[in-house]
Structures are given as C-alpha cells and as structure tokens.
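These protein sequence lines are chains A and B, in that order.
Going by our numbering, the first residue of the first sequence is number 1, and it counts up by one from there.
Going by our numbering, the first residue of the second sequence is number 1, and it counts up by one from there.
Since the hints were derived computationally from the structure, they do not count as laboratory data.
Misleading hints may appear alongside valid ones.
[Said to hold, decoys possible] Example chain B residues on the side facing chain A (calculated, C-beta under 7 Å, incomplete):
# : residue
1 : E474
2 : S475
3 : G478
[Unchecked claim] No farther apart than 20 Å at their CA atoms in a straight line, the calculated lysine to aspartate or glutamate pairs in the EDC-like style are these:
#  : chain 1 : residue 1 : chain 2 : residue 2
4  : A       : K166      : A       : D75
5  : B       : K155      : A       : D284
6  : A       : K265      : B       : E147
7  : A       : K328      : B       : E132
8  : B       : K155      : A       : D289
9  : B       : K83       : B       : D73
10 : B       : K499      : B       : E481
11 : B       : K167      : A       : E367
12 : B       : K264      : B       : E210
13 : B       : K167      : A       : D289
14 : A       : K128      : A       : D103
15 : B       : K151      : A       : E290
16 : B       : K151      : A       : D281
17 : B       : K167      : A       : D281
18 : B       : K499      : A       : E238
19 : A       : K328      : B       : E129
20 : B       : K13       : B       : E65
21 : B       : K155      : A       : E288
22 : A       : K374      : A       : D339
23 : A       : K243      : B       : D142
24 : B       : K155      : A       : E367
25 : A       : K265      : B       : E145
26 : B       : K167      : A       : E290
27 : B       : K167      : A       : D284
28 : A       : K243      : B       : E481
29 : A       : K265      : B       : D149
30 : B       : K167      : A       : E238
31 : B       : K151      : A       : E288
32 : A       : K265      : B       : E158
33 : B       : K151      : A       : E367
34 : B       : K155      : A       : E290
35 : A       : K364      : B       : E129
36 : B       : K13       : B       : D35
37 : B       : K155      : A       : D282
38 : A       : K243      : B       : D371
39 : A       : K265      : B       : D142
40 : A       : K328      : B       : D125
We put the beta carbon where it would ideally sit given N, CA and C, even for glycine.
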Amino acid sequence: MPYDLERYDTFDVRRYREESPFKIHGGCGLMGMCDESGALRSGEDAILAMAVQHDRGNGLGGGFAGYGIYPEFPDHFAFHMMYHDVAAKEEAEALFDQYFTVDLAEPMPTRPVKGITDAPLLWRYFLKPYENKLEQAELSAEDYVVHVVMTINSSVDGAFVASSGKNMGAFKGVGYPEEIGHFFRLEEYAGHTWVGHNRFPTNTPGWWGGAHPFTLLDWSIVHNGEISSYGINNRYLEQFGYKCALGTDTEVAAYLFDLMLRRHKLPLSLACKALASPLWDDIDRMPEDEAAVMRSLRAVYGPGMLNGPFAIVLGFNGGMVALNDRIKLRPLVAARSGDTVMVASEESAIRAVIPEPEHVWAPKAGEPVIARVKDMEWPIHGDLHLDASAISCAVTGTDQSCDTVEVNA
Amino acid sequence: MPTSLIQPEFRVKIDYDKCHKCGRCVQQCGWGVYDFNERPIPDDSKCRACHRCVTFCPAHCITIEKNTLAYRDNDNWSADARKAVWRQAETGGVLLTSMGNPKPYQRVFDHLVLDACQVTNPSIDPLREPMELRTYLGRKPDSVEVEPDGKGGFKLAEGAGLANNIKLDTPIIFSPMSYGSVSLNVHKSLAMAAERLGTLMNTGEGGLHEDLYPYQDHVIVQVASGRFGVNPDYLNRGAAMEIKIGQGAKPGIGGHLPGEKINKEVSGTRMIPQGTDAISPAPHHDIYSIEDLRQLIYSLKEASGYKPVGVKIAAVHNVAAIASGIVRAGADYVYLDGFKGGTGAAPQVIRDHIGIPIEVAIAAVDQRLRDEGIRNQASIIAAGSIRSSADLAKAIALGADVCAIGSAALMALGCHLCQSCHTGSCSWGITTQKPELTRRIDPEWGAERLVNLVHAWSHELQEILGALGVNAVESLRGSRERLRSIGLDEQMNRVLGVKPAGL
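Throw the hints in and build the complete structure from the sequences for me.
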C-alpha cells in the first residue's frame, strides 16, 4: 500500500461538497491561481476552488499542480511517479539509479478517501542528474530529464511520470478533484502558483495518468475543451519530433507551448496569439508592423492554431498564463485581488477562495491572462532577460538526445 | 467498301412539328452537323453531344440521344474498344482526345466522408460567425523570429517573417490553360474573375496576351518546355512563375497546338510565326535532372526579383519523392495534377492509362514532406478533377493548401465535356480560335459565372468548416482525422492516412 496510514485522519470531504450547488453537466472545470508577490497559499485553496466546480466533472479525473511546494528541494527534479505494480517500480527505480543521484525516495503522502479506488503505487523522488553523465550526453539538465521521462513512459510497462519539474508537483488521478486533493493531502502543501482541473472525459477513458494537469518538465497544463483541429495540430508536431501518444488534446497544447516558447523562442504573448489567432479582418486593421508579425504568425503556425473550444491554464515556475480560444467558446473568468491573480471556469470558484476580489473580468477571446511571480526567473524568452539557450529545448532533434517526445499510456 | 465501320455515336432528333425552321441550330453548331433545306437536316456522324444547338433552339425541339446500337455482348471487348480498333485500322494514327480521363476508375473522393461536431465540441454557424478561407501560397519560414520594437511590443526580426507569399482569399485558383488552346475571351474571363475573387489564374504555356496585363497581379505565368511567350517582361508581370514539367492528362509527353490555331494574336503572344505548329517537347531540354530544375528555378527567381516559383508535375507512381526533390530544389509550391485532369489535346492511350489519382498523390506528398520536416517550405496545389466543394474540402483535409480548377471553370463557361477541344471547333467558343466561335464568350459574362462558381464553392467550404467546428481553413488542412473512408481497402487507407468509418 502506498498510503501513509499513520497519517490518516478524518478529513471531512463533505465540506467541499456543500460548496457546490446543483448544476447541469457542462464539461471540464479548471482553475489557476498565482500570488505575484511569491507568497504561498495552501493547497486547500486550490481544492476549494475546484470543489465548487464539482459538477463540471464526472468523477473520472481530477488533479492539481503546485509550484514552490518543495522549498526543501528547490534544485532537485521532483518526480511524481505512478506504478501499476512493484515490478514497474523496480524497473523505473533502476533507471533513476542509472541517471540520477536519488536524494530522497518516498511514498506519496496520501490518505484513504471514499470514492478513490484503484490508486496505483504513488511514489516521489528528488533527483539530481549525474554531472559526468550530463557531460557525456552533452545535454542540458532539462533535455536529460525529458529523455528519462520519455524512456520511462514509453518503455517501462506500468510506470508513468506524473510530473518531473523542479520545486513543483502534479497530483492527479481518477476521482473528483476535491477527493483527489484530499487523497493527496494537498492542504499540507503551500505554493505560490496552483492549477487545478476537474475532468469530464469524452474522448479518452478516465485513467490516472490521463487526468490533468498534463506536465512536461516545469510546464503543467489544465484544459477545458476539445480541440477540433487536433488532427492537424498532431501532424504538425510530428514534423518536429513530438509524438502525441496520449490521445488527449491537452498533450497537443503542451507540446505546442514547448515548441513555440522553448524551441522557437517566441515571446509568450505571441505564442498565445499563434494558438488563438486574431481574425484576418482584425489583423488587416492593425498597424503595419504588428500586422506583419501577426500575418507571419498565422501563416507559419496555422497548422498549430488550436481551433475549437478551449480554456487553458499553463502553470510554470514563475507564474501562469490562462488563454481562451479565438472566439471564446468555453468559459474563463479572471480576477485580481492584491497580488493574487486567479482564473477559473466559474466565478463562483474564484469567490470561494477570494470572496470579494477587487477586480473580476471575463478575458476576451484569445487575450491571455498572465500572472508573473515577482523576482522569479521568467522561463520564457522574449518577455525578457533570460537567454534562450539557457533553457535549451527538450527536443533537440539530435540522435544523442530525445528525438521523439513520446508519452505512452 | 464502306468508308468507316464506325456508326455515329449520337442521334440528333428534331421534332419538326415544333421546329420554327429558323436555322439557329445550323448557325450554332460548330461541328457542321446541320444542313438546311426548308428545315434543318442533321448529319448524326458529326454530332459531339455538346448541346449547343439544344440550348439555343427557341422551340426546344432538338434532342440528342445515344445511338443505342446493340453490339454482341462481350465484357472484354467493349463497344469503345471495338470502335478504337476500327478507327486505328482506318487511320493508322494515334487516337486523340481531350478533357479528363472518363474511364470508370475508382473515385477515391467518393469513398471519403467528412466529420462534423456533435455535443462535445460545438459546430460554428458561418452565417453568424467569421469563417476564414484566406490562404498564403508559398514558402513559409520554419519559425517566426521577432525582436522588441521598443514600445513594449514586438516586430519581425530583420529578414524574418512571411516573404514572397501570395495572398488568396479562397483556396481555389484556376488551373493553367494556354491562350491558343483556349480563346482570348476565356483567358480574359479567368483573369477578371481571378481579380474579383482575390485569387489566381494561370496562363498555361502560351504566354500572356497584353489584354491581360491589367490583371497581372492575379496571374501565374507558366514556363513550359516550349517556352512560348517567355521573356523577362513576361516573368516580371506574373504574381508567380510556374515551371510545367507535366500534366495529369498526359504525363511524360509534350504538347502540340496545330498551326490552324496559331492566328495573328496567338502568334504574337507565343512569339512564334503565324500558322506554324506549336510543339512543346516532352521534357524541358534544359532539365534532365533535379539539379537542372534547381538551376531553372533560381534563374527564374533571379530574373524576377525573387517572385515565387512553383513546379507543376503530373501525379505519377513516385510522386512523393519527386515532390520532395522539387521542394528541396527551391520551389515555393508544388502543383500536383492527378490523372483525371483535363487537357486540350492528348493521345487517348496516355490520358486513360498513365498516372495516379490526385487523392493518393496529395496524401503521399503531404506525408513525405512532413516526414522530411519540409512541409512548410512549399505549398501544395492539387488539381485533376476537383468536381465540387466536397472534393475541395477532402483534398484540403488530405493535405492540399489550394485546389486548382480547370474543367469545372470551363463548364462554368458552357463546356459540356464533349471531349473535342483538339478539333478547334468548340461550339461554345472555348477551345477554338475561330472568330465566329470565340465571340460567343463575352468576358464579362464569363467572369461573372466564374465568380459565382467560386463563391458558391467557397460558401460551401465555409459550411463544411462550420460543421467541423473550426473557423479557419488552416485547421482543416492536412487534418485527416476529420476524414473517414468507406469501402476502401486497408492498404489504400494506409496510403491516405485515413481511418475507415467506425474507427
């Protein structure tokens, strides 16, 4: 049993249930919150925001990602692992030993929760790449980690990497998000940025690895929607060595962000414009310099444009971005109160955490909401200071590194 | 002995009770079917079933019927096969024909169906929401490089961004049809329509008549093996240049425009003497290899200040590798012409038996270019029997950027597909240079009908996109996930990259 039975207590899930009024099922729900001052918020707030959106899911997937949650291991890659059996665990751990110094390996702290069944073995590891191996492979630490993640996901049967970033972690599984949050004892964590998700799976069956957030290194994505352009987005990404094996739209969005932000060094604001492009009529009315940028973005990244209804929150060390599709076919509400920026599918979720926010608004179609933690390194080139080469890309296309970003169920 | 064993294909029937005896049919027929002796008397053997007389008969008293002569049943020796043997025994020649391959090959488009949204993602109503068809034709950079503009925003980095692309308001262009094979009025109709539609017409290999200069920004100028009408001025006038290697209706062979069609105007435009045959060699005699093609591509670019250069090829067995070579040779677009594409004249054996379907060619080329990571380096234009907006949408979903229409465009101008373009006597005034026939097309009328057709298809494409829940054509392009096949075998599904319906 992966459960830490000694820490079992009688946490009352009903408290969250009561927060959620009766609603008609309406697809997925999501939230993101970020304290731009860097102040930490308990995971309980994240659970609360998702609990009021209970009826946006069907109990087949819920999850969270928190940033700044492992202050005691800020420079370690925190691997959250899911294992179907002990053999998978042993095989994955052998890989860890081969690639990393393992400074801590422990079961994920969980507690039994009614409604959460069939949990896989859940472990977490705090890892540092062997320096000599890094040098041998001529890879950045990020590329190295991605390589290991992809190796595990594609070739270790029954093992799945839920998250692999620094000072962050994903907590997800099959169940309602408040159950999952409770199960993972999220109230014991504190982070400056949280994203949460409640899933109503339509395209892929509910399974633990398939719950949101979907992560790659520090990036985590929660997503409400169905990408009608999935077919071409997928084929576009294949051209760059990404292989979408998970069968979810979210995966496509994650890789597109990775492609544009890391590999093509696009500023975040423009990457958002490529994913949710302005209409040609609007582009034609822009000043020529801006129109030229937009025309190029659309013509070049047209195959990557996410067409169809979506609301998406991208979390990372340093902040978060929330984005709606180009004609706003899915709900997204934003609020700011002091240093806290919060987004959610429903305003009720925001008001559950911040009862009287100073400013609430509905972001326009394709207009990103960006929250940025003060004094933190901003991992996105173009919106300043960081040399793009410092975050070398996860997929370099060379034989030594990971040619194919592949995530298998 | 009889002069021919071949009986007339059609019966021209006139209901003399209704006939006004006005002689309009005599005047309208370009084939000389009718004699007039108190009333019109048809010679069935000359009829091509082009319906010009039927359309213009004020009494509606003419019907054209199939000559239903019974042939002794023989599935192996069809009536057509027998007639071909008789004809060749009479003439000793290559059988000529025109327009596209009429044989009953499997029509792949008719085995593909499109998707639509239900519940989980909303369909979009094109009457109420924007539905974007704008398409840029040409080479795209791998990525977009920007730099801060000093005002808090970004501008394109020096030399970055989209260059030398042609903006099309709809992903439909007109396919190359040369002045000489078609009349100047047809060319004018196409050019005027292209301008009004914000799209392109294509000169074909016969040069650009000066009457078309006002429309030159909407004209692709073609450079074929005969190099008719090609000079620096010609190259610089076009919006883009196109090297024609092959044509779907006659892959691997050249062209022959008989001297009778080379009148003064055609002669001036083609830069050849009046009355001489215009012969395009089968290959370009300066292109015997892919590296030669590269030289010509860059010669044309140099000559024109780096306007886009496309290469048109017939869809043949190895089309994917050839297209890849063309893209790597520097082409800004690859024009794929499927084996059902039309022609103004071709040997029947070539038209009916060489080449592969456009659907397959699009799929193979698009996938190959993606596998090689060079799909963004060139646009794909697909042609070769795009019969409707449904074919258009399916071609785009398979991976085409743009479709070119030729036969459909001519049909908008009256063509009835009688497959007699090579005779130069087109009753509809399309594929002829006889002044009494060419004046039958008023360019203003022609342009209006072409604009109507393309508008209609564009509206239908918007309806399809809306049903698919996307509001821009680039989200359908190459999105084979939105296609399913019915009644295709597993191998064909694999080639097309399409799942069978139900999966």
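Tested hints:
The interface hint given for E474/B holds, since its Cβ lies 3 Å from the closest Cβ of chain A, which is under the 7 Å cut-off. The closest approach between the C-beta of S475/B and any C-beta of chain A is roughly 4 Å, which is under the 7 Å cut-off, so the hint is satisfied. Among the interface hints, the one on G478/B holds; its C-beta lies about 5 Å from the nearest C-beta in chain A, closer than the 7 Å criterion. Taken as a hint, the K166/A and D75/A pair is honoured in the structure, with Cα atoms around 6 Å apart against an allowance of 20 Å.
With a C-alpha separation of about 16 Å, the suggested pairing of K155/B with D284/A holds against the 20 Å cut-off. Of the supplied pair hints, the one linking K265/A and E147/B holds, its CA atoms being roughly 10 Å apart against a limit of 20 Å. Under the criterion of a C-alpha separation no larger than 20 Å, the hint pairing K328/A with E132/B is consistent with the structure, at around 16 Å. Among the hinted pairs, K155/B with D289/A is consistent with the structure: their alpha-carbon atoms are about 6 Å apart, no more than 20 Å.
At most 20 Å may separate the alpha-carbon atoms for a hinted pair to count; K83/B and D73/B meet this at roughly 14 Å. Note on K499/B and E481/B: the hinted pairing holds, with a Cα-Cα distance of about 8 Å set against a maximum of 20 Å. Straight-line distance between C-alpha atoms of K167/B and E367/A comes to about 26 Å, which puts the hinted pair past the 20 Å bound. As the CA atoms of K264/B and E210/B are separated by approximately 13 Å, the hinted pair is consistent with the 20 Å bound.
For the given pair, K167/B sits about 18 Å from D289/A by alpha-carbon distance, which is consistent with the 20 Å threshold. With a C-alpha separation of about 8 Å, the suggested pair K128/A and D103/A falls inside the 20 Å cut-off, and the hint holds. With a C-alpha separation of about 11 Å, the suggested pairing of K151/B with E290/A holds against the 20 Å cut-off. Between K151/B and D281/A, the direct Cα distance comes to roughly 24 Å. Violation of the 20 Å bound is thereby established for this hinted pair.
This hinted pair checks out: K167/B and D281/A have alpha carbons roughly 14 Å apart, not beyond 20 Å. Distance hint between K499/B and E238/A is fulfilled; the C-alpha atoms sit about 18 Å from each other, no more than 20 Å. Pair hint K328/A plus E129/B holds up; C-alpha atoms about 12 Å apart against a cutoff of 20 Å. Restraint check for K13/B and E65/B: the C-alpha separation of about 8 Å stays at or below 20 Å, so the hint holds.
Note on K155/B and E288/A: the hinted pairing holds, with a Cα-Cα distance of about 10 Å set against a maximum of 20 Å. Restraint check for K374/A and D339/A: the C-alpha separation of about 10 Å stays at or below 20 Å, so the hint holds. Of the pairs offered as hints, the one joining K243/A and D142/B holds, with about 19 Å between alpha carbons and a cut-off of 20 Å not exceeded. Restraint check: the Cα-Cα separation between K155/B and E367/A comes to about 19 Å, which is no more than 20 Å; the hinted pair holds.
Between K265/A and E145/B, the direct Cα distance comes to roughly 8 Å. Compliance with the 20 Å bound is thereby established for this hinted pair. With a C-alpha separation of about 18 Å, the suggested pairing of K167/B with E290/A holds against the 20 Å cut-off. Our distance criterion of 20 Å between C-alpha atoms is met by K167/B and D284/A, whose separation comes to about 12 Å. For the proposed pair K243/A and E481/B, the alpha carbon gap of about 15 Å is at most 20 Å, so the pair holds.
A hinted pair counts as satisfied when its Cα atoms are at most 20 Å apart, and K265/A with D149/B qualifies at roughly 16 Å. A hinted pair counts as satisfied when its Cα atoms are at most 20 Å apart, and K167/B with E238/A does not qualify at roughly 27 Å. In summary, the hint linking K151/B to E288/A is supported, as the alpha carbons are separated by about 14 Å, within the 20 Å threshold. Of the supplied pair hints, the one linking K265/A and E158/B holds, its CA atoms being roughly 16 Å apart against a limit of 20 Å.
A threshold of 20 Å between alpha carbons decides the hint, and for K151/B with E367/A the separation of about 19 Å falls inside it, so the pair holds. Under the criterion of a C-alpha separation no larger than 20 Å, the hint pairing K155/B with E290/A is consistent with the structure, at around 7 Å. The straight-line distance between the Cα atoms of K364/A and E129/B is roughly 16 Å, inside the 20 Å bound, and the hint therefore holds. This hinted pair checks out: K13/B and D35/B have alpha carbons roughly 14 Å apart, not beyond 20 Å.
Between K155/B and D282/A the alpha-carbon distance is near 17 Å, which keeps this suggested pair within the 20 Å criterion. Simply put, K243/A and D371/B have alpha-carbon atoms about 12 Å apart, close enough for the 20 Å limit, and the pair holds. For a cut-off of 20 Å, the pair hint linking K265/A to D142/B stands: about 12 Å separates their Cα positions. Straight-line distance between C-alpha atoms of K328/A and D125/B comes to about 14 Å, which keeps the hinted pair within the 20 Å bound.
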